[in-house]
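Hey, can you work out the whole structure from these sequences and the hints?
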Amino acid sequence: MDKSTIICRCEEISLEEIVEVIANGARTFDDIKRLTRCGMGPCQSKICNCLVAGVIHEQTGMEFHQIPLPRMRMPISPIKLETLATNSTTFSSVKSVLDEVELEDGKVK
Amino acid sequence: METSYETIIIGGGVVGSSIAYHLSERNKEGIVVLDKKFPLSGTSGSTQAWVWVHNKTPSWYAEFSMYSAELYPYLSKKIGDVEYKRTGGLSPFFSELDREKAERLAEAYEPIGIKIKVLSREEALEKEPSLNPDIVGATYSSIDGNVNPFRLVDRYMRAAKKNGVQYSTYNKVTEIQKLPGKFIVRAEKGRFECKNLVLAGGTWSRELGKLVEVTIPINQLRGQILVTEPLKPFLNYTISGLRQAFNGEVLIGYSMEEEGFNRATTLDVIQETANMAIHYVPSLRKAKVVRAFSGIRAMPEDGFPILGKIPGVENLYVAAMHSGVTLSPLVGTLMTELILDGETSIPIDRYSISRFA
Amino acid sequence: MNAVETDVLIIGAGPAGLAAAFETASRGLQVTLVDESKSMGGQLVQQTQVLSSLPSIYQPMCGFELAAHLSRQLEDFEIRYLLGHRVIGFYKDGSVGITDEKNVFPLRAKKTIVATGASENAIAFPKWTLPGVMTIGAAQTLMNRNFVQPGKNAVIVGSSDFAMDVALQLSKVGVRIRGIVEKNTGVKANGTEKVEQVRKIGIPILLNSSIKEARGIGAVSEVDIQQGEDIWTEKVDLVCVDGGRSPILDIFYQLGCSFGHQEELGGWVPQYNNDFQTDCENVFLAGNAAGISTQGALLVTGMLAGINVCAALGAISKEAVEEGKQSLWKELESIETRSNLKVWQARNQHIEKFAHPVLKDQFIS
Amino acid sequence: MHIKHHPVLGEQLQKTITIYFNDLPYTAYEQQTVAAALMANGIKRLGSSRNLVQPRGLFCTKGRCCSCYATINGEDHVRTCQTMVEDGMKIYPNDEDPEVRGECCGD
Numbered sequence: 000m001d002k003s004t005i006i007c008r009c010e011e012i013s014l015e016e017i018v019e020v021i022a023n024g025a026r027t028f029d030d031i032k033r034l035t036r037c038g039m040g041p042c043q044s045k046i047c048n049c050l051v052a053g054v055i056h057e058q059t060g061m062e063f064h065q066i067p068l069p070r071m072r073m074p075i076s077p078i079k080l081e082t083l084a085t086n087s088t089t090f091s092s093v094k095s096v097l098d099e100v101e102l103e104d105g106k107v108k
Numbered sequence: 000m001e002t003s004y005e006t007i008i009i010g011g012g013v014v015g016s017s018i019a020y021h022l023s024e025r026n027k028e029g030i031v032v033l034d035k036k037f038p039l040s041g042t043s044g045s046t047q048a049w050v051w052v053h054n055k056t057p058s059w060y061a062e063f064s065m066y067s068a069e070l071y072p073y074l075s076k077k078i079g080d081v082e083y084k085r086t087g088g089l090s091p092f093f094s095e096l097d098r099e100k101a102e103r104l105a106e107a108y109e110p111i112g113i114k115i116k117v118l119s120r121e122e123a124l125e126k127e128p129s130l131n132p133d134i135v136g137a138t139y140s141s142i143d144g145n146v147n148p149f150r151l152v153d154r155y156m157r158a159a160k161k162n163g164v165q166y167s168t169y170n171k172v173t174e175i176q177k178l179p180g181k182f183i184v185r186a187e188k189g190r191f192e193c194k195n196l197v198l199a200g201g202t203w204s205r206e207l208g209k210l211v212e213v214t215i216p217i218n219q220l221r222g223q224i225l226v227t228e229p230l231k232p233f234l235n236y237t238i239s240g241l242r243q244a245f246n247g248e249v250l251i252g253y254s255m256e257e258e259g260f261n262r263a264t265t266l267d268v269i270q271e272t273a274n275m276a277i278h279y280v281p282s283l284r285k286a287k288v289v290r291a292f293s294g295i296r297a298m299p300e301d302g303f304p305i306l307g308k309i310p311g312v313e314n315l316y317v318a319a320m321h322s323g324v325t326l327s328p329l330v331g332t333l334m335t336e337l338i339l340d341g342e343t344s345i346p347i348d349r350y351s352i353s354r355f356a
Numbered sequence: 000m001n002a003v004e005t006d007v008l009i010i011g012a013g014p015a016g017l018a019a020a021f022e023t024a025s026r027g028l029q030v031t032l033v034d035e036s037k038s039m040g041g042q043l044v045q046q047t048q049v050l051s052s053l054p055s056i057y058q059p060m061c062g063f064e065l066a067a068h069l070s071r072q073l074e075d076f077e078i079r080y081l082l083g084h085r086v087i088g089f090y091k092d093g094s095v096g097i098t099d100e101k102n103v104f105p106l107r108a109k110k111t112i113v114a115t116g117a118s119e120n121a122i123a124f125p126k127w128t129l130p131g132v133m134t135i136g137a138a139q140t141l142m143n144r145n146f147v148q149p150g151k152n153a154v155i156v157g158s159s160d161f162a163m164d165v166a167l168q169l170s171k172v173g174v175r176i177r178g179i180v181e182k183n184t185g186v187k188a189n190g191t192e193k194v195e196q197v198r199k200i201g202i203p204i205l206l207n208s209s210i211k212e213a214r215g216i217g218a219v220s221e222v223d224i225q226q227g228e229d230i231w232t233e234k235v236d237l238v239c240v241d242g243g244r245s246p247i248l249d250i251f252y253q254l255g256c257s258f259g260h261q262e263e264l265g266g267w268v269p270q271y272n273n274d275f276q277t278d279c280e281n282v283f284l285a286g287n288a289a290g291i292s293t294q295g296a297l298l299v300t301g302m303l304a305g306i307n308v309c310a311a312l313g314a315i316s317k318e319a320v321e322e323g324k325q326s327l328w329k330e331l332e333s334i335e336t337r338s339n340l341k342v343w344q345a346r347n348q349h350i351e352k353f354a355h356p357v358l359k360d361q362f363i364s
Numbered sequence: 000m001h002i003k004h005h006p007v008l009g010e011q012l013q014k015t016i017t018i019y020f021n022d023l024p025y026t027a028y029e030q031q032t033v034a035a036a037l038m039a040n041g042i043k044r045l046g047s048s049r050n051l052v053q054p055r056g057l058f059c060t061k062g063r064c065c066s067c068y069a070t071i072n073g074e075d076h077v078r079t080c081q082t083m084v085e086d087g088m089k090i091y092p093n094d095e096d097p098e099v100r101g102e103c104c105g106d
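Chains A, B, C and D, in that order, give the protein sequences.
Residue 44 in numbering that gives the first Met the number 0 is what sits at position 45 of the first sequence, and the numbering runs on without skipping anything.
Residue 148 in numbering that gives the first Met the number 0 is what sits at position 149 of the second sequence, and the numbering runs on without skipping anything.
Residue 338 in numbering that gives the first Met the number 0 is what sits at position 339 of the third sequence, and the numbering runs on without skipping anything.
Residue 71 in numbering that gives the first Met the number 0 is what sits at position 72 of the fourth sequence, and the numbering runs on without skipping anything.
Heads up, some of the hints might be wrong.
[What the hints assert, rightly or not] The following label-pair restraints were derived from C-beta to C-beta distances: (1) 88(A) to 21(D): 37 to 43 Å; (2) 24(D) to 227(C): 46 to 52 Å; (3) 21(D) to 82(C): 28 to 34 Å; (4) 99(C) to 16(D): 21 to 27 Å; (5) 165(B) to 198(C): 53 to 59 Å; (6) 332(C) to 95(D): 51 to 57 Å; (7) 95(D) to 61(A): 35 to 41 Å; (8) 0(D) to 262(C): 38 to 44 Å.
By construction, these hints were calculated from the structure, which means they are not laboratory data.
Every value quoted in this text rests on a predicted model; they were computed, and no experiment measured them.
Positions of the beta carbon are idealized from the N, C-alpha and C atoms, including for glycine.
Structural data, given as structure tokens:
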């Protein structure tokens, strides 16, 4: 590997970029992810996870059991919004910003 | 490690890092930021990061938010590109009752200089053709926009470090002791001393307050956000509920749940959020969601920022709020003034923690 | 939406999932089997090598034959097959969200057996992103499942037993293997017989070596191989990377299961006890998801998980459970001590740490 | 190249169908995935990366890496390693970010 070697195929993050943020204090996959976008693409770190752990191990000497898993997320693989949607337009947890505007005697409270 | 500092800031999120940076612009020596994990691991790294003003209520809070939004263009010049875009904000509405609210809001905010236009259906669709043609109208304000929160905190942090600020990460504070003229802060990685102590613990503010026997009434509110794959640019504005980022991803979400510190996502809210996305922008139907994330937002008991000195404890400060991204440039500036000059250029008395007493 | 109900949900229709399905369905439980693929057998389908170390009741057979056998033995039972379906997440009440690509629907199971298997780990080198560079398992899938020759001239990076199997199979379909590149001083494969076969057909095994760089326009056309001070170029249109395998954890993570770390089991592994039960009471696991092992062991773990789920749901007598568990554990020990003692030891260490996971409460910030 | 005579599994490829890549016809067999069928026809580059515009193709065959994304019958970002070929399928490489498609666009 040289410093320009791609570690994250999706977001095209190089070894050099990862090494740089580790030098700046990043210690976990998620720290690196937020600073470089490594692992934020469509595969959601499924491929680069073990490579990044290897880089952290090499750069910091941390043992593999000290390097936590990246946060895994739903959906477990990409899915279309229309497949997720149920076509309902009643919302319980989801709000609209105008919900927060309240009127009192015809005036904004 | 040097353990005696002029100022310790606990919390390296968007608020703590902004304070650290602004403070370091004037006073380069002796600032350290302590973070229990790593900046961006909490709320600042799990937000849609709107810079949002126009339907904040009441008017004095909207005004405060506006001052902060006004600072963003200068901030980018000072700390580097944070992908700030003043896109203008659109809040579509689907009912006549909401139009009534919108009209009253526009009237009320005119005197303070926040221009809100209440757009007709046609005007709104002309501005943002992707909106659902079933809307009744939308409110619009040119001051709103968004920013890349990762870049924002990273740039604050880098600029602060360049000015000599130290960051001590993965270093949770466990004990704070007040002695005459100084604080002793014990953390996992050691003992620190300082003259000024700033509590910028965000969503953990209440826990932090306990260490100094002060109640900082901040609760947690969970928000779940969906992110699509990158799409060709098609959204012109920051829409209240979704926005398109620089790289083409669309961030969607405006949910609120009381779940403490549990940042799991649930299909219940994910599906409801998908419904909202299609309800607002029908052409998103074919877009694929690549991830969902939860952010635990800090929510002060009355909704408004808690800012300023903590009465009764010399040199102890607090900065905790819900809209940290919107407010960070202003809060960083004002807290710096307060710490160095003892007074602020914009009054913040209204935001004092003493209001809860 | 009202949730579909089932006694047992099995996620993954590979060897472990199918074995678990047999144990549970044959004892009268209502079983739902979900897999993203439209066919059953998981990765067994493309295994054309004879599987060593199967449980004693089995004759030696190839992977695809075992897949067919495992599917066939389910024919007598009414199983709800959700093939071509994906699990995409979970609802707040614990129901699983499954999609048929048109909708997402909730399914509520009394017990869930997660048998999601393993994924292959990548190996990075300059330009490893070029088309034609793929995992060794991908090359095997193309050849044995799709009947497509993945290239004409290949190098393999890594020297596990699996790499030896696939090297032999690739050679038989006319792919010329220019070398097996291994960074360490020795071959990783345990099966000396296979290594001999590979050597015998003239495939060079290059120790202390690595890919320095791949090149190509639109697809890989050559690689530089470095061995000590020597660097040379091989013209290849296929590079197979054999970076080992790790358990697939996404579903465990979403369920809130804890994890421990065992290098020999593939890295992070969900924490589980002697009953193949995770620390989420209703969630069991089996197969490679419980630690990377050989095909025979995967079957046994599936049977164990199945029997324990039957016990939890009262579908089997106490004596039968104890008897079954005892003999299956013996079988597992026999298979794993024979094929890879380190895996057996790691598995036991892992189980001992059940109450002390390294990673837990991942959603609590 | 298609393997007509598999050394262990014999002659499995029977029913041919036609698929189109960039509007050109190619022969595939019905038990193949799109990515595999294209590879059999010498097509390995299925798209390009977003930033550096580097070629991308099949990598994991397990639906995990998303490297084999292509546009199939008008749907963008389809994992071609998980999609079986169908007669007449129209495939285009994944070279640009998808556009959202409104109701009006033949949707």
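Right, here's what the structure says about each hint:
1. 88(A) to 21(D): 37 to 43 Å: 41 Å, holds
2. 24(D) to 227(C): 46 to 52 Å: Holds - the Cβ-Cβ distance for residue 24(D) and residue 227(C), about 49 Å, lies within 46 to 52 Å.
3. 21(D) to 82(C): 28 to 34 Å: Because 32 Å falls inside the window, the suggested range holds.
4. 99(C) to 16(D): 21 to 27 Å: Check passed, 24 Å falls within 21 to 27 Å.
5. 165(B) to 198(C): 53 to 59 Å: 58 Å, holds
6. 332(C) to 95(D): 51 to 57 Å: 55 Å, holds
7. 95(D) to 61(A): 35 to 41 Å: Since residue 95(D) and residue 61(A) have Cβ atoms about 40 Å apart, the given range 35 to 41 Å holds.
8. 0(D) to 262(C): 38 to 44 Å: Since residue 0(D) and residue 262(C) have Cβ atoms about 39 Å apart, the given range 38 to 44 Å holds.
In summary, the structure agrees with every hint in the numbered list given earlier.
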